[in-house]
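S.K.: Whole structure, please, built from the sequences with the hints as guidance.
Given next are the chains, with one letter for each unit.
Number of protein chains: 2
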Amino acid sequence: MTSERILFKDYEDKIISANEAAFLIKDKMTVGSSGFTKAGDSKAVLPAFAKRAENENVAITLITGASLGHTTDTDLAKNDALIKRMPFQVDPTLRGKINNGEVYFIDQHLSETSELLVNGHLSKLDLAIIEAAYVDENGNIIPTTSIGNSATFAQMADKIIIEINTEIPTTVKGIHDVHLPEAYPNRKPYEITSVDGRIGNEYITIDPEKVIGIVFTDITDSPAQIAPPDEKTIAIANHLVKFFEDEVKAGRMTESLMPLQAGIGKVANAVLTGFTKGDFKNLIMYSEVLQDSTFELIDAGKMDFASASSITVSKECYSNLMQNFDQYKDKIVLRPQNISNAAEVIRRLGVIAINTAIEFDIYGNVNSTHIGGTKMMNGIGGSGDFARNSYLSIFVTQSASKENNAISHVLPMVSHIDHTEHDVDILVTEQGLADLRGLAPRERAKVIIEKCVHPDYKEAIQDYFTRACQRGGHTPHILEEAFNFHIRFKETGSMKENSMVSV
Amino acid sequence: MTSERILFKDYEDKIISANEAAFLIKDKMTVGSSGFTKAGDSKAVLPAFAKRAENENVAITLITGASLGHTTDTDLAKNDALIKRMPFQVDPTLRGKINNGEVYFIDQHLSETSELLVNGHLSKLDLAIIEAAYVDENGNIIPTTSIGNSATFAQMADKIIIEINTEIPTTVKGIHDVHLPEAYPNRKPYEITSVDGRIGNEYITIDPEKVIGIVFTDITDSPAQIAPPDEKTIAIANHLVKFFEDEVKAGRMTESLMPLQAGIGKVANAVLTGFTKGDFKNLIMYSEVLQDSTFELIDAGKMDFASASSITVSKECYSNLMQNFDQYKDKIVLRPQNISNAAEVIRRLGVIAINTAIEFDIYGNVNSTHIGGTKMMNGIGGSGDFARNSYLSIFVTQSASKENNAISHVLPMVSHIDHTEHDVDILVTEQGLADLRGLAPRERAKVIIEKCVHPDYKEAIQDYFTRACQRGGHTPHILEEAFNFHIRFKETGSMKENSMVSV
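As they're listed, the protein sequences go chains E and V. The first sequence begins at 139 in the numbering used here and counts up one residue at a time. The second sequence begins at 139 in the numbering used here and counts up one residue at a time.
To be clear, the hints were calculated from the coordinates, so they are not data collected in a lab. Some hints here could point you the wrong way.
Each computed DSS-like pair below joins lysine-lysine, with the alpha-carbon atoms no more than 25 angstroms apart [claimed, not checked]: (1) V:Lys164 - V:Lys311; (2) E:Lys584 - V:Lys222; (3) E:Lys147 - E:Lys387; (4) E:Lys262 - V:Lys380; (5) V:Lys262 - E:Lys387; (6) V:Lys166 - V:Lys147.
M.R.: Structure follows, in structure tokens:
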């Protein structure tokens, strides 16, 4: 086992247990850990550290690629082992601690964390923990199901712990393309001019002097939980498929469309699955995460190539992949997130970005992160990287939710803004699709109200817009009423006016 | 005159008067015109069209680089000659029409207009009007004091009118670097790896078949009106100079800093002028506009090179430049705005972006465009292009303004968001500088309140923040009070609580 997974002999006497490794993490350290959308995360050392924190006052600043799998963030949060966390999370327990102010969370564009570390705009990285399939003969790491920020962590950290996951076949080698930008002022372009372009190495470069421990694990990634499509997600997917068919007819795109990016979740999955039907062919993807739908499209012969920073799939899809890496090696590539999400590559390739909104407003501003304007859900993730630089920026959400449609997801004014109207081209709910290209704010409002708002809210929102226009302005608003929907929901449990007790 | 300015003989019989040219602009046309921050705009044809609209019902969609000079936008707006206008303007009359809904305005990132045209996401361009110093022997255009979107307009428009400005010396040739991206899917990187990098031509390529008229003018650019620095702008500049000195001491930058971008206005000018003092040297600039301060720094030997899309300077500076283009040719370059403002180049070079805010909030969200959340001022311009992709994103504003400090420019919640907290590193008012790097929202609020808020508002804003925190949330807010400052100002003429009549 060891000889197959550690080809660099100097590391052999560095093998330690996860518990021993957990004691190499010192109180108040800043730690960078592999892991992006539950893929390729630390499954031994961080959990052991969380366990250690059950009985000991130790806490760290933890930087990852994106979200972690299993109960790692839960356990770290529960045991007060986190001072600060960035750049993304999806954990209910951690979220609770963030929202009551016990854990400081920095919500970051996923492309930026690496920049901030390299530029010295975050505190020095004391330790990196990186999952590996194996270590090559030079001491470098063959990553697993994600790259995330791992290459930057390895470069910037004082010390490194490698977590070798024996459940990942060594045949994974070859799906990664690891490249880091040169130091200022000598940076070069990322010479990626097609989704399958390669500019780096199949491994993460490691300075062996920094390695203070190697830990073995055999725990697989947490599987993706994919909710089956429902009526609403299917309706949204159908609106989008129709839109793309019309774009092809109008001659703006071919049936191969442009490179696709899709956020995580059932809507995105339903949209991608929608492409298995119809005349679309030779599709390509330049995204953050490869999901089940990616592999469905590849297996169906509809998709030629997919680039991302991680693979997060269901249990079935995962085990198929583990046995057949060789079969996919000429069809997928994983990149560091500073490249999968790089503005320059997204713009150059002309990516179609499809992301999920929590809510959007009548002018096309989007809230991706905050419930009721205050409570963090997951984080902005890569949605800003893609929306800003895309060829087409699409946001989807249901028009209303909860019993009796108590929540409208289209609002006079969003309670928090992650994406300004400048960066939003198309909005879709199950009600319809609003094409905002070339429209000024008052025109946008008309189309959004007509196409996207749930019928239960149409009159109230139209009334707000009409009265706001009477007051004037480029972006008409009535500030004293702008959040009434949110305030009403908080007070009455419904955004509907007839449910109002008092405002 | 003609033989010196038109080296392409086929054009000689296309010379027409401005009035004749104005009749080539048909009702409902979409017209792209040169002009960026009052530099290199159409000074004959568009004004003649505005004049024509005095007595005739004709109106167009007008796309420019950025703002126009003289009274062109005034006259077009006054005579109802505009249906739609994008991507930027600074004209009081036009602003009035935009805010009462008579002219549709699309506020765009200055890097994006060109993309939208090329991708077919805006209506087809019927006509381009481009100011030129002269026409070369192949019929191509040597631009004047700006490039803006002119190269894209020339590429995309059905017809072209060239406006030859004889006041611009032909020695201007050589300061431009014109490059347009290849069509999808064959785009290449912009191979600019230093501020003085050149990747294009000294001229704008023209298809002579498209040219339907050549008009001569001798009107100079509208001069920049530079307000002299006052106590507040000097204080802001001093805070920033101190900050940069500290960054150099901390080893994060050298005394050459990183390439500078500065928005237009007296604060930006004061900051740049501040660099003439101190130990800064070999400064470089990668910006949108070259202003007086740029030339002061070059003449003082403090700045080695400056790149932008236009030159907008005072009368004195302008006439010096006109007589001495040769002297500056190895020190400045003008680029199309899709390159001066390109995400990839800004990130690659590590630009320090300094832009002016109308207001910002305690979490670092910035409003750059809308007064009272509804009324458009000028537009987002390039501030988003630079803030998002910069090495350091800095926004400046005065802490309070008007008699008795009736307006606080730091607020519980901004009434409109152009730049989200993700894209804002440093905030400065005359009160102090808030360094937000590595801080979570609640930490950001503490620093912003401490450093940036005017003393008259400190207690009220601290009180809001304290009570919001008691309610919880990652970004604590009290939605029903969030806009009280704005509402109070509208009702009482002051944001101060003791001025409140009723809310």
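S.K.: Now look at each hint and say whether the structure bears it out.
M.R.: Right, here's what the structure says about each hint:
no., hint, result
1, V:Lys164 - V:Lys311, "violated, 33 angstroms"
2, E:Lys584 - V:Lys222, "holds, 16 angstroms"
3, E:Lys147 - E:Lys387, "violated, 60 angstroms"
4, E:Lys262 - V:Lys380, "holds, 23 angstroms"
5, V:Lys262 - E:Lys387, "holds, 17 angstroms"
6, V:Lys166 - V:Lys147, "violated, 32 angstroms"
This entry does not satisfy hints 1, 3, 6, going by the numbered hints stated previously.
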